[in-house]
Amino acid sequence: MSDQNETARMPVNWDATLAFWLLRGWLGLRAIVTGLEKYAAIGKVMKPWVDPTTGQPDPNGAMIEATQKIYSLTNYAAIPQSLQDKFASEPLLPAALLKPFYIGLGPALILLGVMLWVGIGTRISLFAQGIIYIALTAGLILIKADDGVAWLAIHVALIAVALTLAKHNKLCILKKW
Amino acid sequence: MAPEFDFTRRNFLSTAVAAGAGLALTGNANAQTAAPKKTSPNGRIRYALIGAGAQGNVLLDALMKIEGIEIVAVCDIWKYARDRAQKGLKKAGIEVKVYEDFEDLLATEKDIQAAVVATPDFWHAPVSNACMKAGLNVYCEKMMSNTIAGARSMVQTMRETKKLLQIGHQRRSNPRYLFTLNHLLRELKLCGRLTCANAQWNRTVTLELGAAKSVQIKPDVLKRYGFDDMRQFRNWRWFKKYGGGPLSDLGAHQIDIFNWFFGVKPRAVTAAGGVDYYKDYEWYDNAMVIYEFALPEGVARAFYQVQTTTGAGGGYWEYFMGDQGSIKISENPSVTQIFRDNPPMENMPDWGPYVQKNYLAMKAAPAAAEEGAKVDVRESKKLEAYALPISFNKAIHQPHLENFFKAVRGEAKLNCPADEAFGSEVVIFKANEAIAARRTIEINPQDTEI
Numbered sequence: 001m002s003d004q005n006e007t008a009r010m011p012v013n014w015d016a017t018l019a020f021w022l023l024r025g026w027l028g029l030r031a032i033v034t035g036l037e038k039y040a041a042i043g044k045v046m047k048p049w050v051d052p053t054t055g056q057p058d059p060n061g062a063m064i065e066a067t068q069k070i071y072s073l074t075n076y077a078a079i080p081q082s083l084q085d086k087f088a089s090e091p092l093l094p095a096a097l098l099k100p101f102y103i104g105l106g107p108a109l110i111l112l113g114v115m116l117w118v119g120i121g122t123r124i125s126l127f128a129q130g131i132i133y134i135a136l137t138a139g140l141i142l143i144k145a146d147d148g149v150a151w152l153a154i155h156v157a158l159i160a161v162a163l164t165l166a167k168h169n170k171l172c173i174l175k176k177w
Numbered sequence: 001m002a003p004e005f006d007f008t009r010r011n012f013l014s015t016a017v018a019a020g021a022g023l024a025l026t027g028n029a030n031a032q033t034a035a036p037k038k039t040s041p042n043g044r045i046r047y048a049l050i051g052a053g054a055q056g057n058v059l060l061d062a063l064m065k066i067e068g069i070e071i072v073a074v075c076d077i078w079k080y081a082r083d084r085a086q087k088g089l090k091k092a093g094i095e096v097k098v099y100e101d102f103e104d105l106l107a108t109e110k111d112i113q114a115a116v117v118a119t120p121d122f123w124h125a126p127v128s129n130a131c132m133k134a135g136l137n138v139y140c141e142k143m144m145s146n147t148i149a150g151a152r153s154m155v156q157t158m159r160e161t162k163k164l165l166q167i168g169h170q171r172r173s174n175p176r177y178l179f180t181l182n183h184l185l186r187e188l189k190l191c192g193r194l195t196c197a198n199a200q201w202n203r204t205v206t207l208e209l210g211a212a213k214s215v216q217i218k219p220d221v222l223k224r225y226g227f228d229d230m231r232q233f234r235n236w237r238w239f240k241k242y243g244g245g246p247l248s249d250l251g252a253h254q255i256d257i258f259n260w261f262f263g264v265k266p267r268a269v270t271a272a273g274g275v276d277y278y279k280d281y282e283w284y285d286n287a288m289v290i291y292e293f294a295l296p297e298g299v300a301r302a303f304y305q306v307q308t309t310t311g312a313g314g315g316y317w318e319y320f321m322g323d324q325g326s327i328k329i330s331e332n333p334s335v336t337q338i339f340r341d342n343p344p345m346e347n348m349p350d351w352g353p354y355v356q357k358n359y360l361a362m363k364a365a366p367a368a369a370e371e372g373a374k375v376d377v378r379e380s381k382k383l384e385a386y387a388l389p390i391s392f393n394k395a396i397h398q399p400h401l402e403n404f405f406k407a408v409r410g411e412a413k414l415n416c417p418a419d420e421a422f423g424s425e426v427v428i429f430k431a432n433e434a435i436a437a438r439r440t441i442e443i444n445p446q447d448t449e450i
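Protein chains in written order, with my numbering: chain A, 1 to 177; chain B, 1 to 450.
Errors might be hidden in some of the hints.
Unchecked claim - Distance ranges between label pairs, derived from CB positions: (1) ALA107(B) - ALA41(A): 39 to 47 Å; (2) ILE42(A) - LYS381(B): 33 to 41 Å; (3) THR67(A) - LYS189(B): 27 to 35 Å; (4) ILE103(A) - ALA54(B): 47 to 55 Å; (5) LYS90(B) - ALA40(A): 42 to 50 Å; (6) GLU297(B) - ASN75(A): 49 to 57 Å.
Claimed, not checked - BS3-like, lysine-lysine: derived pairs with alpha carbons at most 27 Å apart: (7) LYS328(B) - LYS47(A); (8) LYS189(B) - LYS47(A); (9) LYS44(A) - LYS65(B); (10) LYS413(B) - LYS394(B); (11) LYS394(B) - LYS328(B); (12) LYS223(B) - LYS241(B); (13) LYS363(B) - LYS47(A); (14) LYS413(B) - LYS47(A); (15) LYS218(B) - LYS240(B); (16) LYS279(B) - LYS328(B); (17) LYS110(B) - LYS65(B); (18) LYS69(A) - LYS223(B); (19) LYS47(A) - LYS406(B); (20) LYS44(A) - LYS328(B); (21) LYS394(B) - LYS44(A); (22) LYS357(B) - LYS328(B); (23) LYS413(B) - LYS382(B); (24) LYS87(B) - LYS240(B); (25) LYS189(B) - LYS213(B); (26) LYS381(B) - LYS394(B); (27) LYS133(B) - LYS162(B); (28) LYS133(B) - LYS413(B); (29) LYS240(B) - LYS47(A); (30) LYS279(B) - LYS240(B); (31) LYS133(B) - LYS44(A); (32) LYS44(A) - LYS363(B); (33) LYS381(B) - LYS65(B); (34) LYS99(A) - LYS86(A); (35) LYS97(B) - LYS241(B); (36) LYS162(B) - LYS110(B); (37) LYS69(A) - LYS47(A); (38) LYS65(B) - LYS47(A); (39) LYS357(B) - LYS47(A); (40) LYS69(A) - LYS394(B).
If you are wondering where the hints come from, they were derived from the structure by calculation, not from laboratory data.
Beta carbons: idealized from backbone N, C-alpha and C, even for Gly.
Bound conformation, chain A alone:
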């Protein structure tokens, strides 16, 4: 008997369904926005200084530097360089794996988040997110970033709960996986 059939015959448990939707929303949002942020950079732009008395731009061409957040593929950075440098000096983290991990991290988070929100491969998405957070945890343990370890542990716990509630999912494109 397939899991799908079993789920279909279950009476609707709206408490569990709503609980899952909350986790689905939060974990999807967390993954998508985290992935998008890896393409963001704070850039500096010049704009005219505006005289507060007149409300007019300075006639002599005075400009002020303002910061602006810009999203671009060229801005992509999986994790901050300082963190990459620390991971690179850890003998237990093989350099051959770090580079592909960095390349794939941002796109993977966005893809997995979208999958979870849309409802395609919900369990696969949750499990893959869990693996990513565990991989990141390994690095943080090695560099003794205990705050980060605890922070990721909460993510993994939420994912685990979401997985146990996945059978109560409604409103998805593919119930399987």
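Assemble the complex: chain A is given as a structure, and chain B must be docked to it using the hints.
The following block gives chain B in isolation, referenced to the frame of chain A:
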């Protein structure tokens, strides 16, 4: 004093002699606002660069970035310099004619509206005067001349011909300096009562400039243009018949800022200096100058130092100090700093709103005092530091040149017309005079006004 060599062939001395003889001058600075609007048929202002040496090239770089103007000729007595400029312009797709003699240029190029003059100082007056008499508006590098009489003749010609004459004190058009003066000092009175200022420009030891034999100017050509030899041509800034030495080369810009920001000319100058390091130069290789300004709120003194023997950590700046704050400003934004004092004053304004309105940028709050950090109990409490938030992404000379060409079009007033620059430059001549005399020299208002 007239230049020592013979200008009579070209009749360039006439105005300088007239000015030196005390000819009464009339007119006022407002003549600089009545700008002619003559341009070429395509609306572009056609101009010539006269003097294509180091400073001429700096100006040319900035000129190339300005829209609506067109260089048509380059003049320099040194073939190497004019060919270099011509080749550089050709690479940028611009064809120019080159001239050795500026009088030939003026006789041939009838369709130009302006000249940018960057010759050695002693040629500024003859060249600028001839250009204005030929109907051109002129941007001339500072110093106006190597003599007060020469500078005076330029103002006289400007008034007689009603042409524009902008002097290259480029900070006068720098948006950061304009902002500091107009908003921080005048509008907010950020420093409170200004009590003193200092400025410095210290430069690392430099080697004498030379020229390969193959590119040297022939002695008869050098003689024709007033130079004794190639060495003096290449190092003219160090010799009294051509220029005013480091105090005028470097100090002119910064001493001009004292006058501009204080809004008055000094009433006295005390100075010391000498040729103490370099053996074969005439001008002082170091100088320390103190000006005394009678401001409406009281006396303020300004100290200026120029050293050509030490970089002293780098940087050059003008530093204005008052009882409520201090502003250290430089063309180099990284050097600029503003400090808020902690005087026991009831009306001391909070600078927080100034940061919110982008008059200032917060730089650093004072660190908490550490036990034993003070080496002397009389040391002032650490001050809040601020930055000037204003910047501009142009070449340093570009705004001043832009102001000149806007004035030629009748769209702006000159920021540094010759009659305004004259007063600033007189007080620099007076500093060299004070060094030579080894005493304080009084500066009368009539010395700096024209």
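Cross-check of the supplied hints:
1. Distance hint for ALA107(B) and ALA41(A): a CB-CB separation of about 58 Å, inconsistent with the stated range 39 to 47 Å.
2. For ILE42(A) and LYS381(B), the Cβ-Cβ distance of about 34 Å falls inside the hinted range of 33 to 41 Å, so the restraint holds.
3. A hinted range of 27 to 35 Å for the beta carbons of THR67(A) and LYS189(B) is consistent with their spacing of about 30 Å.
4. Distance hint check: the CB atoms of ILE103(A) and ALA54(B) are about 50 Å apart, consistent with the given range 47 to 55 Å.
5. A beta carbon spacing of about 45 Å between LYS90(B) and ALA40(A) agrees with the range 42 to 50 Å that was offered as a hint.
6. Separated by about 52 Å at the C-beta atoms, GLU297(B) and ASN75(A) satisfy the suggested range of 49 to 57 Å.
7. Distance hint between LYS328(B) and LYS47(A) is fulfilled; the C-alpha atoms sit about 24 Å from each other, no more than 27 Å.
8. Taking the CA atoms of LYS189(B) and LYS47(A), the gap is about 25 Å. The hint holds against a cut of 27 Å.
9. For the given pair, LYS44(A) sits about 22 Å from LYS65(B) by alpha-carbon distance, which is consistent with the 27 Å threshold.
10. The hinted pair formed by LYS413(B) and LYS394(B) meets the criterion: a straight-line CA distance of about 20 Å does not exceed 27 Å.
11. Restraint check: the Cα-Cα separation between LYS394(B) and LYS328(B) comes to about 21 Å, which is no more than 27 Å; the hinted pair holds.
12. Taking the CA atoms of LYS223(B) and LYS241(B), the gap is near 13 Å; set against the 27 Å cutoff, the hint holds.
13. Note on LYS363(B) and LYS47(A): the hinted pairing holds, with a Cα-Cα distance of about 20 Å set against a maximum of 27 Å.
14. Taking the CA atoms of LYS413(B) and LYS47(A), the gap is near 24 Å; set against the 27 Å cutoff, the hint holds.
15. Taking the CA atoms of LYS218(B) and LYS240(B), the gap is near 22 Å; set against the 27 Å cutoff, the hint holds.
16. Between LYS279(B) and LYS328(B) the alpha-carbon distance is near 34 Å, which puts this suggested pair outside the 27 Å criterion.
17. For the proposed pair LYS110(B) and LYS65(B), the alpha carbon gap of about 24 Å is at most 27 Å, so the pair holds.
18. Distance hint between LYS69(A) and LYS223(B) is unfulfilled; the C-alpha atoms sit about 62 Å from each other, more than 27 Å.
19. Between the alpha carbons of LYS47(A) and LYS406(B) the distance comes to roughly 22 Å, so the proposed pair stays at or under 27 Å and holds.
20. Under the criterion of a C-alpha separation no larger than 27 Å, the hint pairing LYS44(A) with LYS328(B) is consistent with the structure, at around 24 Å.
21. Proposed proximity of LYS394(B) and LYS44(A) is supported: the alpha carbons are some 16 Å apart, at most 27 Å.
22. The hinted pair formed by LYS357(B) and LYS328(B) meets the criterion: a straight-line CA distance of about 20 Å does not exceed 27 Å.
23. For the suggested pair LYS413(B) and LYS382(B), the alpha carbons sit about 42 Å apart, so the restraint of at most 27 Å is broken.
24. Distance check on the hinted pair: LYS87(B) and LYS240(B) sit about 33 Å apart at the alpha-carbon level, beyond 27 Å; violated.
25. Our distance criterion of 27 Å between C-alpha atoms is broken by LYS189(B) and LYS213(B), whose separation comes to about 57 Å.
26. Distance restraint check for LYS381(B) and LYS394(B): the Cα-Cα separation of roughly 38 Å exceeds the 27 Å cut-off, and the hinted pair is therefore not satisfied.
27. At most 27 Å may separate the alpha-carbon atoms for a hinted pair to count; LYS133(B) and LYS162(B) meet this at roughly 10 Å.
28. Distance hint between LYS133(B) and LYS413(B) is fulfilled; the C-alpha atoms sit about 21 Å from each other, no more than 27 Å.
29. Using a Cα cut-off of 27 Å, the hinted pair LYS240(B) and LYS47(A) is violated, with the two alpha carbons roughly 46 Å apart.
30. With a C-alpha separation of about 15 Å, the suggested pairing of LYS279(B) with LYS240(B) holds against the 27 Å cut-off.
31. Between the alpha carbons of LYS133(B) and LYS44(A) the distance comes to roughly 48 Å, so the proposed pair goes past 27 Å and is violated.
32. In summary, the hint linking LYS44(A) to LYS363(B) is supported, as the alpha carbons are separated by about 17 Å, within the 27 Å threshold.
33. Proximity of LYS381(B) to LYS65(B) is assessed by CA-CA distance (about 46 Å); at most 27 Å being required, the pair is judged violated.
34. For the proposed pair LYS99(A) and LYS86(A), the alpha carbon gap of about 14 Å is at most 27 Å, so the pair holds.
35. Taken as a hint, the LYS97(B) and LYS241(B) pair is broken in the structure, with Cα atoms around 30 Å apart against an allowance of 27 Å.
36. The hinted pair formed by LYS162(B) and LYS110(B) meets the criterion: a straight-line CA distance of about 18 Å does not exceed 27 Å.
37. As the CA atoms of LYS69(A) and LYS47(A) are separated by approximately 15 Å, the hinted pair is consistent with the 27 Å bound.
38. The hinted pair formed by LYS65(B) and LYS47(A) meets the criterion: a straight-line CA distance of about 20 Å does not exceed 27 Å.
39. For the hint pairing LYS357(B) with LYS47(A), the CA-to-CA distance comes to about 14 Å; that is within 27 Å, so the pair holds.
40. Between LYS69(A) and LYS394(B), the direct Cα distance comes to roughly 24 Å. Compliance with the 27 Å bound is thereby established for this hinted pair.
The structure shown violates the earlier hints numbered 1, 16, 18, 23, 24, 25, 26, 29, 31, 33 and 35.
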